[in-house]
Amino acid sequence: MDIDVKKVAMLARIRLTDAEAAELGPQLGGIIGYIEKLAEVNTEGVAPTAHPHDAAMPLRANVVSNGNRREQLQAVAPNVESGLYVVPKVIE
Amino acid sequence: MPFSSLSEIKARLDAGETTAVEVATRYLQRIAAYNPTLNAFVHLDADHVLAQARASDAHRAAHGARPLEGLPVAVKDIFCTQDGPTRCCSKILEGFEAPYDAHVITRLKEAGAVLVGKTNMDEFAMGSSTETSAFGICRNPWDVERIPGGSSGGSASAVAAALAPAALGTDTGGSIRQPAALCGIVGLKPTYGRVSRRGIIAFASSLDQAGPMTRTVRDAAMLTAAISGHDSGDATSVANPPVVDWLGACDKMDMKGLKIGRPKEYFVDGMDAGVRAEVEAALKKCEELGAEIIDISLPHTEYAVAAYYVIAPSEASANLSRYDGVRFGHRCEAPEDLLDMYTRSRDEGFGSEVKRRILTGAFALSSGYYDAYYLKAQQVRTLIQQDFIKAFEQVDVIATPTSPITAFKLGEKTDDPLTMYLSDIFTIALNLAGLPGLSQPCGMVDGLPVGLQWIAPAWREDLLLSTAAAYEAATEWGTLCPQGYAADGGAL
Numbered sequence: 001m002d003i004d005v006k007k008v009a010m011l012a013r014i015r016l017t018d019a020e021a022a023e024l025g026p027q028l029g030g031i032i033g034y035i036e037k038l039a040e041v042n043t044e045g046v047a048p049t050a051h052p053h054d055a056a057m058p059l060r061a062n063v064v065s066n067g068n069r070r071e072q073l074q075a076v077a078p079n080v081e082s083g084l085y086v087v088p089k090v091i092e
Numbered sequence: 001m002p003f004s005s006l007s008e009i010k011a012r013l014d015a016g017e018t019t020a021v022e023v024a025t026r027y028l029q030r031i032a033a034y035n036p037t038l039n040a041f042v043h044l045d046a047d048h049v050l051a052q053a054r055a056s057d058a059h060r061a062a063h064g065a066r067p068l069e070g071l072p073v074a075v076k077d078i079f080c081t082q083d084g085p086t087r088c089c090s091k092i093l094e095g096f097e098a099p100y101d102a103h104v105i106t107r108l109k110e111a112g113a114v115l116v117g118k119t120n121m122d123e124f125a126m127g128s129s130t131e132t133s134a135f136g137i138c139r140n141p142w143d144v145e146r147i148p149g150g151s152s153g154g155s156a157s158a159v160a161a162a163l164a165p166a167a168l169g170t171d172t173g174g175s176i177r178q179p180a181a182l183c184g185i186v187g188l189k190p191t192y193g194r195v196s197r198r199g200i201i202a203f204a205s206s207l208d209q210a211g212p213m214t215r216t217v218r219d220a221a222m223l224t225a226a227i228s229g230h231d232s233g234d235a236t237s238v239a240n241p242p243v244v245d246w247l248g249a250c251d252k253m254d255m256k257g258l259k260i261g262r263p264k265e266y267f268v269d270g271m272d273a274g275v276r277a278e279v280e281a282a283l284k285k286c287e288e289l290g291a292e293i294i295d296i297s298l299p300h301t302e303y304a305v306a307a308y309y310v311i312a313p314s315e316a317s318a319n320l321s322r323y324d325g326v327r328f329g330h331r332c333e334a335p336e337d338l339l340d341m342y343t344r345s346r347d348e349g350f351g352s353e354v355k356r357r358i359l360t361g362a363f364a365l366s367s368g369y370y371d372a373y374y375l376k377a378q379q380v381r382t383l384i385q386q387d388f389i390k391a392f393e394q395v396d397v398i399a400t401p402t403s404p405i406t407a408f409k410l411g412e413k414t415d416d417p418l419t420m421y422l423s424d425i426f427t428i429a430l431n432l433a434g435l436p437g438l439s440q441p442c443g444m445v446d447g448l449p450v451g452l453q454w455i456a457p458a459w460r461e462d463l464l465l466s467t468a469a470a471y472e473a474a475t476e477w478g479t480l481c482p483q484g485y486a487a488d489g490g491a492l
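Going down the list, the protein sequences come from chains A and B.
Each residue of the first sequence is one higher than the last, beginning at 1 in the UniProt record's numbering.
Each residue of the second sequence is one higher than the last, beginning at 1 in the UniProt record's numbering.
Rather than coming from a laboratory, the hints here were simulated on the basis of the structure.
Predicted, not measured: the structure shown is a model, and the values here were computed from it.
Just so you know, not all the hints are guaranteed correct.
What the hints assert, rightly or not - Which chain B residues face chain A? A few, computed with CB under 7 Å, are given here:
no., residue
1, I137
2, D337
3, L338
4, Y370
5, D371
6, L418
7, T419
8, T479
9, L480
10, G484
Claimed, not checked - No more than 27 Å apart at the CA atoms, straight line, and that leaves these computed lysine-lysine pairs for DSSO-like:
no., chain 1, residue 1, chain 2, residue 2
11, A, K37, A, K6
12, B, K285, B, K256
13, B, K256, B, K390
14, B, K409, A, K6
15, A, K37, B, K264
16, B, K91, A, K7
17, B, K390, B, K409
18, B, K284, B, K256
19, B, K109, B, K264
20, B, K264, B, K284
21, B, K256, A, K37
22, A, K89, B, K91
23, B, K91, B, K390
24, B, K285, B, K259
25, B, K284, B, K259
Stated by the list, open to error - In silico negatives: residues of chain B with every beta carbon more than 12 Å from chain A:
no., residue
26, D45
27, A98
28, R146
29, G193
30, A235
31, K264
32, D272
33, V305
34, A334
35, L339
36, D347
Just so you know, even glycine gets a beta-carbon here, dropped at the ideal spot from N, CA and C.
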């Protein structure tokens with residue numbers, strides 16, 4: 001299958017170099033080609049799996065359980081000022 | 001037995017014949033001697049290990065011993081630990097120090113274990129050979145020119161060479177069982193939901209489970225007992241799972257009347273003839289021990305790898321979207337704008353296998369393809385689950401080879417990702433079905449270990465343990481050690 005690998009990469013927010021795209025494109029095509037094997041299976045009327053044990057996800061009580069750990073959590077961020085994450089300007 | 005099991009070390013500690021500090025010191029010496037070759041550990045703080053050991057000895061003296069008191073346990077770099085780095089063997093997490101411990105790490109600490117370092121792995125657990133690690137390849141102690149398996153290859157290599165008596169790994173598509181098989185040790189993947197995933201760096205959340213990698217079946221039971229149980233911090237951790245008498249199960253070593261299923265789809269052309277012969281011989285042994293071998297069929301087996309390589313990469317592409325250079329992890333230099341920051345940070349931080357998986361997932365989930373790939377794969381997953389449910393109407397446990405081949409040479413499969421993916425053909429189906437599985441050594445081919453995989457119905461780890469313990473007790477395979485790692489100073 002012919003896949004526009006740079007387009008897929010942009011969907012995944014990864015900028016590939018031309019060299020990477022040249023390598024990953026055919027590999028991705030090979031993987032997707034293999035996956036197409038699934039089309040052989042008759043799945044008419046089969047419910048898709050939503051949970052490995054067919055269980056519902058529980059809801060927890062709506063209470064604060066973590067406490068305020070802002071400083072600890074932000075200590076690992078690349079750029080923080082006054083408790084805010086700093087990113088390049090998004091609004092001119 | 002040249003290398004001690006956890007149970008043996010525990011007995012000696014409990015008898016006052018040794019101390020946690022002595023035990024830790026001995027393993028630190030072994031790591032110093034052999035890790036430069038094996039690269040099983042990617043982080044080790046010896047002072048911190050000894051501090052934990054001293055604290056454990058003090059706890060024993062003051063309050064008595066907890067279940068894992070003073071026992072060294074190595075953990076895969078995928079587990080968040082407040083002490084030291086947690087990097088999932090990825091460049092994108094260079095410099096990351098987790099603000100909290102994974103639930104299983106907390107449980108190990110509460111049980112008195114001494115945590116020894118972080119072990120090598122495929123980047124983000126994506127791989128079957130530990131060759132995609134950002135911190136260099138890891139080697140198999142049985143033959144250092146060969147891979148230890150993956151993704152928990154560092155944990156397997158460390159336990160096989162007795163750089164630690166036991167380790168934790170994670171298993172998304174075989175990442176505990178396959179390296180355990182290729183390194184000649186025991187690996188247990190618990191039922192999905194048995195062990196909390198909180199603080200385990202996510203790969204594919206509907207498949208990931210943590211579990212033990214040990215020298216003996218009993219040791220696997222000890223560690224699973226310590227790490228399993230409900231955690232309100234993980235919504236998929238099951239609140240009231242059927243209870244297992246973990247150690248009691250290992251004592252029930254009677255195979256009489258046990259119905260063992262032998263799925264024809266797991267004994268096929270293309271697998272290594274030596275591996276097949278060893279596993280067939282293991283089943284013969286089980287028959288001698290009183291078990292009944294019943295031929296069964298799991299008809300959708302041949303679609304398991306395809307379904308997995310839609311579902312796991314799809315979940316991975318969502319899980320790994322968090323690495324965006326904002327809250328943690330690598331950020332590129334001087335980004336022009338926000339999009340440039342995201343795309344360049346991710347290109348620089350992720351290795352090529354991780355990119356392949358993310359792109360596979362992004363493609364499968366992209367507009368126009370969802371029904372053909374993701375939805376279809378989840379339907380096939382249901383059929384795979386139903387195969388197992390039907391089989392377990394007939395048999396108690398299922399036996400298969402863990403891997404169709406023994407450890408392959410370093411670099412042998414790195415050029416073709418698909419060939420690498422197909423090496424997980426026997427381990428993937430039970431992750432899709434959420435079932436527990438155990439791999440144990442059952443033979444050797446050309447000097448390399450072969451793994452026997454047991455599969456049980458959901459929540460029936462007790463059947464895995466009692467069956468594997470019976471096989472272990474009746475054979476010599478559980479006591480094998482690679483040559484060249486026991487010479488300096490004798491037994492541990």
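Quick rundown of the hints versus the structure:
1. I137: With a closest approach of 20 Å, the B:I137 hint is violated.
2. D337: Holds - the Cβ of B:D337 comes within 7 Å of chain A, reaching about 5 Å at its closest.
3. L338: Holds, about 5 Å.
4. Y370: 11 Å, violated
5. D371: With Cβ-Cβ at 10 Å, over 7 Å, it is violated.
6. L418: Hint holds; B:L418 Cβ to chain A Cβ min 5 Å, cut 7 Å.
7. T419: 10 Å, violated
8. T479: B:T479 check fails; min Cβ-Cβ to chain A is 35 Å, beyond 7 Å.
9. L480: 34 Å, violated
10. G484: Status violated, d = 37 Å.
11. A:K37 <-> A:K6: 25 Å, holds
12. B:K285 <-> B:K256: Roughly 12 Å separates the two Cα atoms, so the pair holds.
13. B:K256 <-> B:K390: With Cα atoms ~23 Å apart, B:K256 and B:K390 stay inside 27 Å; holds.
14. B:K409 <-> A:K6: 33 Å, violated
15. A:K37 <-> B:K264: Cα-Cα ~20 Å, so holds.
16. B:K91 <-> A:K7: 24 Å, holds
17. B:K390 <-> B:K409: 38 Å, violated
18. B:K284 <-> B:K256: 13 Å, holds
19. B:K109 <-> B:K264: Cα-Cα ~43 Å, so violated.
20. B:K264 <-> B:K284: Holds - the C-alpha atoms of B:K284 and B:K264 are around 16 Å apart, at most 27 Å.
21. B:K256 <-> A:K37: 41 Å, violated
22. A:K89 <-> B:K91: Distance of about 26 Å is within 27 Å: holds.
23. B:K91 <-> B:K390: Violated. B:K91 to B:K390 sits at ~44 Å, over the 27 Å cutoff.
24. B:K285 <-> B:K259: 14 Å, holds
25. B:K284 <-> B:K259: Given pair B:K284, B:K259 holds - Cα atoms ~13 Å apart, limit 27 Å.
26. D45: 18 Å, holds
27. A98: B:A98 is in fact no farther than 12 Å from some Cβ atom of chain A, at 8 Å.
28. R146: 24 Å, holds
29. G193: 6 Å, violated
30. A235: 5 Å, violated
31. K264: 18 Å, holds
32. D272: It holds; B:D272 is separated from chain A by about 21 Å at its closest Cβ, greater than 12 Å.
33. V305: Contrary to the label, B:V305 does not stay out of reach of chain A, its closest Cβ about 8 Å off (not over 12 Å).
34. A334: 9 Å, violated
35. L339: 8 Å, violated
36. D347: 5 Å, violated
In terms of the numbered hints stated before, the structure departs from hints 1, 4, 5, 7, 8, 9, 10, 14, 17, 19, 21, 23, 27, 29, 30, 33, 34, 35, 36, listed from lowest to highest.
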